[in-house]
Structure formats: structure tokens, C-alpha cells
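Trainee: Read off the chains here:
2 protein chains.
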Amino acid sequence: MNSDPLVIFTPSGKRGHFPVGTPILTAARQLGVDLDSVCGGRGICSKCQITPGYGEFPKHGLTVSADALSEWNAVEQRYDDKRGLTKGRRLGCQATVQGDVVIDVPPESQVHKQVVRKAATARAIKMDPATRLYYLEVEEPDMHEPTGDLERLARALKAQWEIDSLRCDLPILARLQPTLRKGKWKVTVALHKGHNDKENHLLDIWPGLHEGGLFGLAIDLGSTTIAAHLCDLVTGEVRTSSGIMNPQIRFGEDLMSRVSYAMMNPGGDKEMTNAVREAIDTLAADIAKEAGIDPSLIIEAVFVCNPVMHHLLLGLDPVELGQAPFALATSEAVSLDARDLDLSAINPSARLFLLPCIAGHVGADAAAVALSEQPGQSEDLVLVVDVGTNAEILLGDKTRVLACSSPTGPAFEGAQISSGQRAAAGAIERIEIDPDTKEPRFRVIGCNLWSDEDGFARATAQTGITGICGSGIIEAVAEMRIAGLLDASGLIGSAAQTGTLRSVAEGRTNAYLIHDGTADGGPRITVTQGDIRAIQLAKSALYAGARLLMDERGVDHVDRIVLAGAFGAHISTKHAMVLGMIPDAPLDKVTSAGNAAGTGARIALCNIAARSEIETMVRDITKVETAIEPKFQEHFVNASAIPNSADPFPILNSVVTLPDVSFNTGGGEAGGRRRRRRG
Amino acid sequence: MNSDPLVIFTPSGKRGHFPVGTPILTAARQLGVDLDSVCGGRGICSKCQITPGYGEFPKHGLTVSADALSEWNAVEQRYDDKRGLTKGRRLGCQATVQGDVVIDVPPESQVHKQVVRKAATARAIKMDPATRLYYLEVEEPDMHEPTGDLERLARALKAQWEIDSLRCDLPILARLQPTLRKGKWKVTVALHKGHNDKENHLLDIWPGLHEGGLFGLAIDLGSTTIAAHLCDLVTGEVRTSSGIMNPQIRFGEDLMSRVSYAMMNPGGDKEMTNAVREAIDTLAADIAKEAGIDPSLIIEAVFVCNPVMHHLLLGLDPVELGQAPFALATSEAVSLDARDLDLSAINPSARLFLLPCIAGHVGADAAAVALSEQPGQSEDLVLVVDVGTNAEILLGDKTRVLACSSPTGPAFEGAQISSGQRAAAGAIERIEIDPDTKEPRFRVIGCNLWSDEDGFARATAQTGITGICGSGIIEAVAEMRIAGLLDASGLIGSAAQTGTLRSVAEGRTNAYLIHDGTADGGPRITVTQGDIRAIQLAKSALYAGARLLMDERGVDHVDRIVLAGAFGAHISTKHAMVLGMIPDAPLDKVTSAGNAAGTGARIALCNIAARSEIETMVRDITKVETAIEPKFQEHFVNASAIPNSADPFPILNSVVTLPDVSFNTGGGEAGGRRRRRRG
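As you go down the protein sequences, you meet chains Y and E in turn. For the first sequence, the working numbering assigns the number 1 to the initial residue and increments by one for each residue that follows. For the second sequence, the working numbering assigns the number 1 to the initial residue and increments by one for each residue that follows.
Just so you know, these hints were derived from the structure itself, not from any lab. Where hints are given, some of them may not hold.
Because identical chains cannot be distinguished in the list, a pair is counted as satisfied if it fits within a single copy or across any two copies.
[Stated by the list, open to error] In silico lysine-lysine, DSSO-like type, Cα no more than 30 angstroms apart, as pairs:
no., residue 1, residue 2
1, 270, 186
2, 158, 193
3, 184, 270
4, 270, 182
5, 158, 59
6, 589, 182
7, 82, 398
8, 198, 158
9, 126, 398
10, 14, 158
11, 59, 14
12, 184, 82
With the sequences and hints as input, model every part of the structure.
Mentor: What follows is the structure, given as C-alpha cells:
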């Protein structure tokens, strides 16, 4: 039996006997307990805070006496005076073992913290970033042993952190000598080791102990918008999220028009590349300002995007992506330096990582969704749908995952819609239409009241009511269908057919008037027949893609559906199903994953193993190409209708009833309405 | 006994039995015979030419019949028609084994060719460059298997060349797709694998078979001049050598004044960095033009230089090198991209390699000399001296090598000399002084005649006689000493003391008139007392450095001396020994190595193993710091005299006799002359 005191760590449960005088940090390291330290046990970084437990621990059969640890010492007192130490806490590098003791490692002292994600269904992110801080004490140079400063720094890294093989680029090497001298041979370094790297890459260096932290950007580079999360690379916390329009829109709203622009204009691809890189730089600078951090502390960025954006970001001509066989220049993950993409707002040595693409039409954004939603880990068959300007669709379970991309166009984002607009204050985002009166009520972004509630006019006086955003148009079309203003073919009835003056003639077709602000100089907001057609095309593409994967898999239903992207955040599931955007599924089996692509980027930013994981995952996914599959066209044509009782949507019937109306453009009477049978 | 035909390769002597129909190239590969191929046996690169031997081979006990190889085929005929195949040669990939045969691999078909160096004493360079060409046939993309073009190229590399793990930077990735399509999926790639690299780095790509070759630059970056050799990376041949002045001279003639410039002028180091990088770019462009090659075919460059130039080239502030303890930012070898040094004349993806520095005062140039001259492989004790603006000195044998650097200043290069000039047409480079008449005769650069030979005036009319270069001043001082115009302390005698009117008074001291061209508007060329002092300081520094190493090693003589740099090329060994520049050694044990630093650079360029070798070698060298060693000062002061009979130079006495003169500045009679005893 070991006569040395027993040290038990919680929550890990790891335990061992250590000689009297062993620092708790040392004991933790020897047992492989996850206890953080940047300064390597010198009592200056305070990362190794622990909470000793005293008294009876019947579970462990242990009584911990008040003198189980060494006395509070001067280093701890100094730290407490300077920054304050939570009561009951000790510094693990200062407190030494004197007797049997139970030591709790609080979450903030763990290196591999679990970052809880908002979506309860999804896994937590384990913090294990590629870039970390290390505090070092470097030997001074000696004329009799004339190694370079970099070699002595490497030696300190080996001796103090057991880290081998260092790589240092010229810009950091140029700062090495003055920084070492300024810090009196004590420095903090940021070391990056990518998942495939053999070497540790020295990305930055600060004199003394650097306490400003380190940050990374998870960037979801969409065709229309660029969204970024600024993540603390130590805690995993998202400090700020921000977005910016993709300036490439001026070269073409959708991807294919941008590819055309590159094909038709010599140097056009370079123009678009420069535009998007500048926008990312601007976004990075803005987000750092908003978070109040020095932008040079942004030391990593992870990008997810579709293949065309992927190529345009990298400066690769996307022309091959515009024609069969849609060959990517590279499909694997790409690791780069900030300077490779001319990014200057963030740390010039920052390392960038682009997730792999799945295929020429299924990009790194879809890969990110796969990383976030893990269809390949699912016991039941799950359909994951991410709607942006393109829809990324994944179908699978533990046995096999299939993926495709469907060209929905930007209608779901409010573009190509007569009164459409981006999701911004003043945009109609929710609509309800009374099936009896055919009167609408709605809500606009920036106001929590419905339009028929008291105070709505006052509350929206500032922003006005400016248009309909993506979620608004989807609800509007679905509500029109439910209210019998629209027949199953997608035709809007005339005032005579619908019995409401909100059905207004526009040329040879009809429109539905949601809001007329012209009296106050505002817009007249309608849903036109053209809008309905745009939504029909978009939803047919989306639906056809999902059906194609189901055909490939040989199934005619899925067990559950995960809605990602704009869907989860803003689009009502019920209305999406009324429109027939997604296959039929019980409502309680349809969940929202929020911005899953962005989450995938964040996972890859915070956890280095996830980068290897997604590379493997992507290789294993079965790629289905919608553009060459005749069945896609077939499904597309068949999906054009907005479901009625004749459609094979048994589950939808339990959710909502649809009127069985039919309008003719040449006039005629309104179709009859009848309740559909449930079940 | 194997019934398959026997194939014997010469000169390797490797042999084996192969089934009828085996291509010779295949047989060679299986036996590990060094037979080149870029196209991988497709009959298009012609690198695998072999010469079959027919008839009796008694040495091998073999009779080779005329049908031992398959018949000359259409591929060979096409190649012969197009480019011509030397008579008797076959293509190793086309000719197949039909019977016992002896195959000679001519030197130009060997991958690891031996490049014979001019200096007979030194080893040959084995061709094994870091960058090579490979011809590939890449699978076309397929929509049903949507890997990227890069991944398919990597797959071809694995299948056709057994090369794994490829790395590709963005600029090449951007050219990948058009090049693959232009070459109809057949391309040649240049792959680089550095001695410490795990990955193969794709540096360039050409459609089809690239036949333009690949080149590298070996650059000796001196304080005063920058010299470059353009080497064929396939044959090892030096295509062109060229040089350019180091434009940093305008910031300071010697290294310390450049360090001072950097210290005194904010941004001064950047100015000097930009100047030297631009000069290298210019030199590279010029040398490519001179050789008639596309500069983008220069895919590698190796640099050797002293520590200050090393830092200034890399953009590192050299300030620490100007003060004890002379800490280098990095002492190890440095691998870079061309863009890291803003080099734009050569291939933008070119890889650069800087040899390691030995110490803060002993640079990569000394390391290159060690690589070229291999003192650590020497059975006897060798002193290697490389004179530039600094002298690099190595002393050693198999047991141990020591190194130091000595601040000789630029006097040996003709700088800081009253009539001094760079070695250029019109400069006096050789001088003899008649000991009886005290009359000089000399030769100038650009003319093979001595000044007292017929036609000299006519031959030099164009260039004139403009000054004295480094080798000229050394000969002049030594000849003045031999002729009794100079005493052992270095004092020039007056006309009265020396008995010649060529001794002219200049202020309180005397000068020796070599040439007076004033009548024709030319200069009056003298050696002044100040010139003598400058040479004395320089040679004392050099001598003291060598002595210091000898002290460290505990010896008072060396077995042999290797003179490198300007020494070997231009400075007369005899005169150097008269001056006491180098320790005493038998003249037949003093050899010249030419530009050993440049040769070291060329070795590291052509042979990748040499890069690891020099890294190990540098670690094992004992560094001796002249600046802090009190004995250096002592040796320096003692070495000031120009040897006379009292000096401990027994061997010198067998070479030349020195007059035992002594002059006083205050006038007095000329010292007597007597012959020194031999032996």
C-alpha cells in the first residue's frame, strides 16, 4: 500500500498517490487530468485554479483535513490582490499535496472545455483548437554557445512544454529579437498545429505573459450574405456574430450568373475574388471593433461555402463549375495563411482552414452541416435540409449518407420577389390570413406586435413597413393557400373568385394585397402571381432534391427532418410543409438546427479533430448530382403544385387543412372549400 | 537456374533475369539501376536512352546475339526522326528483353549523375536535387466520382510515380485546371521535396511533356559583390556565372557600418533589405537572359552569406549582430518561398534555401566552405581560409573542426587603399619589383602583357591604367618588402634610404610610385604609408584568427592550407606568405579552392543530402569568437610586422629571401641588406 497522500480529482474521478510537496498541477498532469496552464506552473497565468474539498467524502472513503494542502502562499496572495481569486479557489501550481485530498477542477480551468450548443439535439463542442498560447522563459544568448534566438526559444519550448519541431515564418522571425529583449527573455507564443501538420507553427509572440486571449472567426460565406462568429479560442464562447452582404451580388444574384460573369469577362473572376476578400476583411475588422478586441488577436479563421464561392474566395476561376462534369480544382480541405487571401485586418500570420467540398455542386457548407448535424451517426433515417441560395440536402443514417445540392435560387431569401427584401427592420416576417375574412395580420422585423395589435403603428413608425423577407413570403404563400386565395396549381384567384377586394387584378393575373402604405408615402406590398411562380420553382427544386436522395436510398419516407439555415431560424415548419418544400413528416420529428453550416465552421475552429473527421466523412458520403439525373426533372415538375387533398402527404393532413379550390385565369367562379379528412 | 534472359547493366554491374518482353527501363527500375525517365516509360521524354552491347563479353561469360532486344519500333523511329537518336542508342522504355544482353547506361541517362568539379582535390557533386520533373497522365473528371482535379493529379502521381502526399499552393492551383485541359490531361509537374519536408510541393505545371529543363541559382551573397551560378538541375552543369555589386555598399563599405546604418536610421535595415533583394532579382534576370532561358524555369536558389548579409536578406534587423553577444535571430538553415523575399524575376513558386550560420560572426558562407572543402573529413590538419571583406577561417581534421571569422576589412579587395579599385579592366593585378633597380613591372586586368613588354601601351590604351585592385596591392606590398623598400615594421624608406626616386615623400611619410599617368591625363598610382598600414591591419586580423584556432587546437603548425575566395583566384600564395597573411606551410601544401563558398552553395543546390549534412556539420563545429578572446588581440598586435629573419617562419625562408632593412621616419641611412640563410 502506498503511504503517499491520495489525490482524487473531480469531475474526472482520476486519482493517484503523490509525495508530500507535489504541486496539484504536477499531480494533474501526471494523471492526465485536464487542468489548464499557460505559464507552465509559474504562478502568473492563473489558468490552473482548483477548488479543494475538505471534510468527509464517504463516496471516496476519505476524510480531508484542513491542512491537506500547503498554506496559502505569497504568489496566491499577490494574484488575489491584483485580480481577485474566487473564494475557496487555489492556484494548482502553488498548492502542494500535504495529505489525502479531493480536488475539483472547475470548468473554466479545463483545457478541453465543453461548449454547450444552443440546439439541444446537437453534440457539445470539445475545445481543442489548433492554436494555443504558451508562456516561455528563454535562455539568454551566450557568446560561447552561439545558437540563434529562435533555436533557444525552440529549446525552451521543448524543455518547458515538451513541444518539438517549430516552424517560424519571416515576419515573426523579424519580431523575435526585439520581443525577447522587451520581455526580458520571457515571452508568450501562439503556436498552431493543424490536424495534418508535423510542425508547430509560431504565429505570434508577445513580451511577457500575454493576457489578451486569442480569437478565431467561423465564417459562413454565402452567395448572398457573409456571416461570421468571433469565437474565443480559449473558452469557445462566441463573443460576437455579425454579417455583411456578399458584394459579389453586383456581378450576379445567383451562382451561375457569377460563373457566367467570369466566363464572359476576362479578369472577371479576379474582380469577384477581390470583392469577397475585401468584404471579409471589412467584416473581420467590424466584428473585432464590435467585440472590443485587437483584430490582430484573430489568429484563425474557418470558412464554409458552396463550391463557386470556395473557388472565388481562393482565386480559382469557377468556369469549370458552370458546366458538366462540374470539376472542382480541389475537393479536399484547404489550409492557408491570411496573406494567401490578402486578408490584412486580422493577424497577418493567421491560419485559415476551408472545409472540404463534397462535390462540384455540394460544397464545404454542406460538409459543415454534416459535421454539425452528424447524419452519419443517426440511428434513424434523417433528412437534413439547409436552405440558402442553393439548398444543401443530406439524407442518411449510420449505414450511409447521401448528399446533393439543389438550385433553389434566391427566392427563399426574398430576392426575385416583387415586394421582396432582405431580412432587416421593417420587413414583414410573419403573416397570418384569416380563412373567413381573407384579411391578413403580420409582424415586421424589429417589432414584437402583430399588425392588428394596439401600438403597432406607433412601434413601426420609425422603420416603416418596407417589404417582405424570405420567411414572410413563404408564410404569405402558404397562408394564401390555406385561406383559399390560391389553388393547388398556384393560381391566385380574382376578387370575384376569392370574395375579397385584397385580390387585385395585375394585368392578366391577380395579386394579393397585404399592406398599402402609399397614403403615408410607403410601399404597396402585394404577393403577385410572379412571386408565387418564383416560390414554386424554388420549392420544387428543393423538394425534388430531397426526393432524388430518397429514390437513391430506395425509401419513400424519412424518420425525421432537420431544418438548417434560414429555415430553422425564421421559416415556419408548418408553412414550409404546406408549401411542399420538404417531404411529409410528423411535425414533432421536424427540428431546427439553426445555422448548421456556421456551427460546423465553429466546430472545426474549436476542435482540431473535427477537421480530420469531416475529411473522412466527406469521402464516405455518396454524392448525387441533380443536374444530370433525369429523375430530378421528373420530381421537379411533379413538385410544382402546392399540395391539395390529392397529394401524397398523409401527415400534412394532421397539421393543417387545405381548401380544394381551383382558379382559372379566364375568370369563372371561386372553387368550393371543404375540410380535408384528418388522418 | 533461371531460364529467363540475363540482363547486365554497366557501369553499375547490376544484373538480373527478366521474362522475355520486359522493357529495359522496367528491368533497370527493378534492379535499382540509375536510369532516368521523366515520362514514366511512355516513349516521349527520351531520358532513358541506353546503349545495348552485342557480341562477346568474356568478362561476363556472355554472348549477346543481334536479336537480344526487340526490334527498333515506331516510337523510337518517330523520336529519331524528330530529334535524332545517337547511333547505337535505344529508348529503354521501348526496347524489350529477348535474350541475354549487356546494357550500358550512358552518363546523361543517369539520374544521379556525377558532376566533376574543377578543383581536382574536391569531391564530385552527386546530382540529387530537391526539385524534379514528372510527366503524368491524369484521369478526366467524372460526375459520378466528383473528386477535384488536384486530387486526381495526386492519384496519378501515386499510381505512376509512387509519390505520396502532395502540397499545392494557390497560384499553382489556380493554373491547374486550364493546364490539365490544355495538355489534354497530360502534364509535367515540378515537384520539390526539401530535406526536411514530409510533403512533395507542387511548384509548377506545364501542359504535355515539358522539355525546357529546370534550373537553380547558387548565390554567394558577399558584402561587396553578389555572385551567382546558374545550374541545370538535371545535368548539374553550370550554364552561366555572373556577378553584380552589392548595392548596400552605399549604406556602408563594411558590415559594421551597415549595422550602424540600421541602428542610426529608423527603417534603415528595410532600405538595405530592399536594395539587396532588388539586386538579386536583377542578377537573376540578367543571368537567365545571358543563358537564354526563361527565368521562370529557375525553380530553386541556394544562398550563402555572412550573418549580417543573412539577416539583411531575410529582412531581420542586424542590430544584435553589432554588439556582444552577437546573437543571431536564427542560426539554422532557412527554407523559404521566392515570394518571402519579394523575388519576382524567377519562378514565383521557387524554393529558396539558406545554409545555416555557424555563429554570430561566422556565417553561412563559412558553412558553405566547410561543405565544399570538408575539413572534417581530412586525415591531416587543414587550415581553410576564405578571404572576403571578412575572413572565414576553419581549422580541423577528422577529430574536430574549429571556425572563426576575422574582421579583415575591405583592404584585400582594394578598398580603403589610396589608389585602390575593384578588380576591373585597367586595374593593376600583378606587380614585380626588381630588387636591384627597384623598378616595377606590372600587368593590368584585361591585358596579358607585362608593362615592360612590347605593345603594352597600345594594348592598354583603351582601358588606361586606373588603379590597383586587391591582388595588386598585396603583391605590391610584398614585392616592396622583398625589394627592401619596406622594413619589417612596415615603414617605407625615403629615396635616400632606398636609393630610388620612386620613393617619394608624402607629408611626413614616404610612398612608392608604381605608375605616373598624369602626362596622359591618367592617375598617379602610388603605395602610400597609409596603404601599408591598412594592409598590415587586414593581414594581422587574418593571421591572428588562424593563430587563435591553432591555439585552441593546441598546435603551432598545420599540415596544409586551402585558400578560398579571392585568394585562390587572384592572390599569389607566395606574396600572401611574404606578407604573413597566413601561417607558414610548405608551398606544395598550399592549394587553392577557388570560390569555395559558391561551390558549397552549388553542392547544396544539386544534392539534397548535402543540406542535412551541412546542418549536422555546423552543429559539430567548435565556434571561436575572435571579438572576446584576449589572445586574438595579442596575436593581432604580434602579427603586425611583415616577416623578417627574426620571425618564426622557417618554411617561408625556402621560398623567398627578405632583406633585413630598417627605416626611421626621421631620416638616417638605409638598412643593410643580407641574404637570409636557407632552411
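Trainee: Work down the list of hints and note, for each, if the structure agrees.
Mentor: Results of checking the hints against the structure:
no. : hint      : verdict
1   : 270 / 186 : between (44 angstroms within a copy, 27 angstroms between copies)
2   : 158 / 193 : both (15 angstroms within a copy, 26 angstroms between copies)
3   : 184 / 270 : between (46 angstroms within a copy, 25 angstroms between copies)
4   : 270 / 182 : between (42 angstroms within a copy, 21 angstroms between copies)
5   : 158 / 59  : neither (40 angstroms within a copy, 58 angstroms between copies)
6   : 589 / 182 : neither (60 angstroms within a copy, 51 angstroms between copies)
7   : 82 / 398  : neither (53 angstroms within a copy, 59 angstroms between copies)
8   : 198 / 158 : both (15 angstroms within a copy, 21 angstroms between copies)
9   : 126 / 398 : within (22 angstroms within a copy, 55 angstroms between copies)
10  : 14 / 158  : within (27 angstroms within a copy, 46 angstroms between copies)
11  : 59 / 14   : within (14 angstroms within a copy, 74 angstroms between copies)
12  : 184 / 82  : within (21 angstroms within a copy, 69 angstroms between copies)
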